[in-house]
Amino acid sequence: MTTGTSLTAEQQRGYEAAGEAALNAALSRLPPAEREAYWASVRRCYNAPYNDAVPKAARAAAPDALAS
Numbered sequence: 025m026t027t028g029t030s031l032t033a034e035q036q037r038g039y040e041a042a043g044e045a046a047l048n049a050a051l052s053r054l055p056p057a058e059r060e061a062y063w064a065s066v067r068r069c070y071n072a073p074y075n076d077a078v079p080k081a082a083r084a085a086a087p088d089a090l091a092s
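Its first residue numbered 25, the sequence shown is counted upward by one per residue in this note's numbering.
Be careful, since some hints might not be right.
Listed next, with one range per pair, are the computed distances between beta-carbon atoms [what the hints assert, rightly or not]: (1) E34 x A57: 34 to 40 Å; (2) C69 x Q36: 21 to 27 Å; (3) Y62 x S30: 30 to 36 Å; (4) R37 x A64: 39 to 45 Å; (5) W63 x R37: 18 to 24 Å; (6) A64 x E34: 31 to 37 Å; (7) G43 x N71: 19 to 25 Å; (8) R67 x A42: 30 to 36 Å; (9) A46 x R67: 27 to 33 Å; (10) A46 x R68: 19 to 25 Å; (11) T32 x A57: 38 to 44 Å; (12) L31 x P55: 18 to 24 Å.
Please keep in mind that the hints were generated in silico from the structure rather than gathered at the bench. Just so you know, even glycine gets a beta-carbon here, dropped at the ideal spot from N, CA and C.
Whenever a hint applies, use it, and build me the whole structure from the sequences.
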């Protein structure tokens, strides 16, 4: 897949790791419930409107599926 960037694969992996570390550091100050609320909002944004969101019935049937 062409990304239209001049970054090498190694540079991209480095930026990805740095971004993930920064995000995890920022979220680490929040209690678990607030971290879950953050990730729930991210999932909601990425699932709307072009992806099918997980139906509420399926989420209720498998509550730990979202925790992983």
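Status of each hint after checking the structure:
1. E34 x A57: 34 to 40 Å: The hinted range 34 to 40 Å holds for E34 and A57, with Cβ atoms some 37 Å apart.
2. C69 x Q36: 21 to 27 Å: holds, 23 Å
3. Y62 x S30: 30 to 36 Å: holds, 32 Å
4. R37 x A64: 39 to 45 Å: violated, 27 Å
5. W63 x R37: 18 to 24 Å: This hint holds: roughly 22 Å between Cβ atoms.
6. A64 x E34: 31 to 37 Å: holds, 33 Å
7. G43 x N71: 19 to 25 Å: 21 Å Cβ-Cβ, so the 19 to 25 Å window holds.
8. R67 x A42: 30 to 36 Å: violated, 23 Å
9. A46 x R67: 27 to 33 Å: violated, 20 Å
10. A46 x R68: 19 to 25 Å: holds, 22 Å
11. T32 x A57: 38 to 44 Å: Check passed, 40 Å falls within 38 to 44 Å.
12. L31 x P55: 18 to 24 Å: Because 35 Å falls outside the window, the suggested range is violated.
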